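**Student:** One-letter residues, chain by chain:
There are 2 protein chains.
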Amino acid sequence: MITRDDCEKFDERDVLAPLRREFRLNEGEIYLDGNSLGPVSEASSRRVNEVIDVEWAKGLVRSWNTAGWIDAPTQLGDKLAPLIGARPGEVLVADTLTFLLAKLIGGALELRSDRHVILTDAANFHSDLYIVEAMAAHARRPVIVKAIDRETLDEHLDTDVALVMLTHVDFRTGEMLEMKGITEKVHAAGALMLWDLAHSTGAVPVDLTGCDVDFAAGCGYKYLNGGPGAPAFMYVRDRWQGVTTNPLPGWLGHARPFDFEMHYEPAKGMRAFITSSPSVMALGALDGALDVFARAPMKDIRTKSLALTDLFIALVEEKLPAVFEVVTPREHDKRGSQVALRHRDGYGIVQALIEQGVIGDFRAPDICRFGFTPLYLRFVDVYDAIDRLVDVMERDLYLDERYMVRNAVT
Amino acid sequence: MITRDDCEKFDERDVLAPLRREFRLNEGEIYLDGNSLGPVSEASSRRVNEVIDVEWAKGLVRSWNTAGWIDAPTQLGDKLAPLIGARPGEVLVADTLTFLLAKLIGGALELRSDRHVILTDAANFHSDLYIVEAMAAHARRPVIVKAIDRETLDEHLDTDVALVMLTHVDFRTGEMLEMKGITEKVHAAGALMLWDLAHSTGAVPVDLTGCDVDFAAGCGYKYLNGGPGAPAFMYVRDRWQGVTTNPLPGWLGHARPFDFEMHYEPAKGMRAFITSSPSVMALGALDGALDVFARAPMKDIRTKSLALTDLFIALVEEKLPAVFEVVTPREHDKRGSQVALRHRDGYGIVQALIEQGVIGDFRAPDICRFGFTPLYLRFVDVYDAIDRLVDVMERDLYLDERYMVRNAVT
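As given, the protein sequences belong to chains A and B, one line each in that order.
Position 344 of the first sequence, counted from 1, bears residue number 344 in our numbering, the numbering being contiguous throughout.
Position 172 of the second sequence, counted from 1, bears residue number 172 in our numbering, the numbering being contiguous throughout.
The set of hints was computed from the structure by calculation and includes no laboratory data.
Watch out, some of these pointers could steer you wrong.
Same chains, same label: a pair holds when it works inside one copy or across any pair of copies.
Here are the simulated BS3-like cross-link-like pairs (lysine-lysine), alpha carbons at most 30 Å apart as the crow flies [to be verified]:
1) Lys146 with Lys334
2) Lys268 with Lys146
3) Lys268 with Lys180
4) Lys334 with Lys268
As the structure is a prediction and not an experimental result, all values here were calculated from the model.
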């Protein structure tokens, strides 16, 4: 039996506890949806207003130079790099995740022009599936996308495979794949590896260098707390820079952007992957949000994340035995920073729980999804969330007729 | 002889004069670079902070529905539509201009799959040239881009031409092309017409419906004052909606974005062209900026714009005879909302003038470029700007050795 007192003690010992103050959270609400949209940090709000009041209002067009707007995509990339085990000069912040995947897929196909297959996971996030199909259709040669059961990857890894594109942490189940081993296998088959880090970055330690990853991309608005529609990031291993082409080139990625040359010549390094400037306000919000991470080692984040998800799973099993199927793996090395519970009335359960002040989300057809962000969540929040979940189930609040028509939100 | 008193009288009679208060401008500075980056409006700042403090902070992930984030790209498109003579449901606000051009070029090529040539202007904005080349290279068939002298368009319009892509107002010279006549010619040749409205929107009246234009796109950060890296907009004539495909599809443009379907099925209307959500803060800034236009009929904007540029040209000729070549056409129907002056020491002149508090910009190799935004510029500003330009020229301030190494800004 775990008590609320136990949880209070966990919080007292929590080295990350002081960071909660950096975020604006609603009084009495327990936010378990930071894996969909992270909350506002004071640093984000401050930085956006600095962009507006100082850089944009006073500096105006001069701020491209004087406030460093022109370098923000690569500078912010360098700031983010340690969170994913990348080195300076390997990360760019820009656009949104789908566009960056498009650039990487298009670039990778050119690097393996003697091969014609892209392997991806049939359970991948749908946008990833759409863009990989689209980029294959627009390749300079016939390219086939095979969306497979990721458990069968070995069977499909042959000499036709140009690229393997997988998501590190499954957006539905929270299962985390073994990045190093899979990347090694892919390389052994002569293919390139692209990891989608949407549900990893800022949530679990990632070591792109140590895993010898070729390409990666992720978004800024989930665990990074960069704000709705935040710019995304992409990673190109140094060995592929200057070699991989950007299929969506733009003036800001030109070697001499202010010479207005008629023909495109890519800039050196990650700048070549810039198309145009992302919103500087949006970059500012992410910049502020990353400041918080500077005070939170990924090791501590991971330790607390596992403790939070362990606690949540233990409480579900203790207080609601046999009510839910815990879809997320129990093994720590296979778990991201979320817990997925399966229930055929999942939509109603999530909605009723939201009305009780516990914000999770629903993923069709039957997944109740709860994200755990160590930067601002307390152990007592987990305890109280389960208390309210028990209440929702015992009082049948989830069977309300309002929930019969599903109308889910991201 | 035009006197400063004359200009003060023009300002007294100016129906748009009260709008100047809506903008944050630096005391004593004359901003003639709104064609590169518009200034902050109070409405933009207010709206961004509302997004942060209310929608993001309090609403959190719920705001996708409750604050209408999910519909913001199309709703903002409808708000912008009157400025370009588009109808509701024909405009989408998203991404940046180059990405939207990519979508339109890719889509148009599929509509004219029996043709293999794209015509564009060799003097087009360089990013437009890069992306059209890239999209041609990634077409499903061999496609050639011909970057021609736009004066020779007639000679090139044959039955091979799938698409003509031109910029309505030349970013260097400020020359405005005759949209209706050119579009008619292009259609007569069986080709599709794509207009880049970067230097038109919010500056000159545009009538996409009246000119029977197929596709158009423009940016949000110039005359629209949407902020640095603001989302861009695209227009698809209603007849092409549901027919033109989006070559860069994403989950938010799916018919059922929350069903997480493995295969892409485009949403109806302009939503099909959404890839992912743009920054909601960036959308907010543009939203606020568009509020100002609701109080300024395009007719009045155009009348004042021509008066401002006429005045500027007249003062240049009166006070600095034979010093500059006025590159921008004198004819009103061929002039956008900027004046380009050619001088071999253009870079130094623009820099010296900036130090005197008049912000223009330089476009290689020899263009001093001055944008005129009727929403906040006064006639006395034009007078004073010329006064300072005369000072720069008479005192040879532009020959300072600091300006010998060119280091231009967008």
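**Student:** Now tell me, hint by hint, if it's right for this structure.
**Tutor:** Here is what the structure says about each hint:
1. Lys146 with Lys334: within (24 Å within a copy, 53 Å between copies)
2. Lys268 with Lys146: Classified as between: cross-chain Cα gap 28 Å, same-chain 33 Å, threshold 30 Å.
3. Lys268 with Lys180: For lysine 268 and lysine 180, only the intra-copy Cα distance (28 Å) is at most 30 Å; the inter-copy one is 42 Å.
4. Lys334 with Lys268: neither (37 Å within a copy, 39 Å between copies)
Consistency note: the structure conflicts with earlier hint 4 alone.
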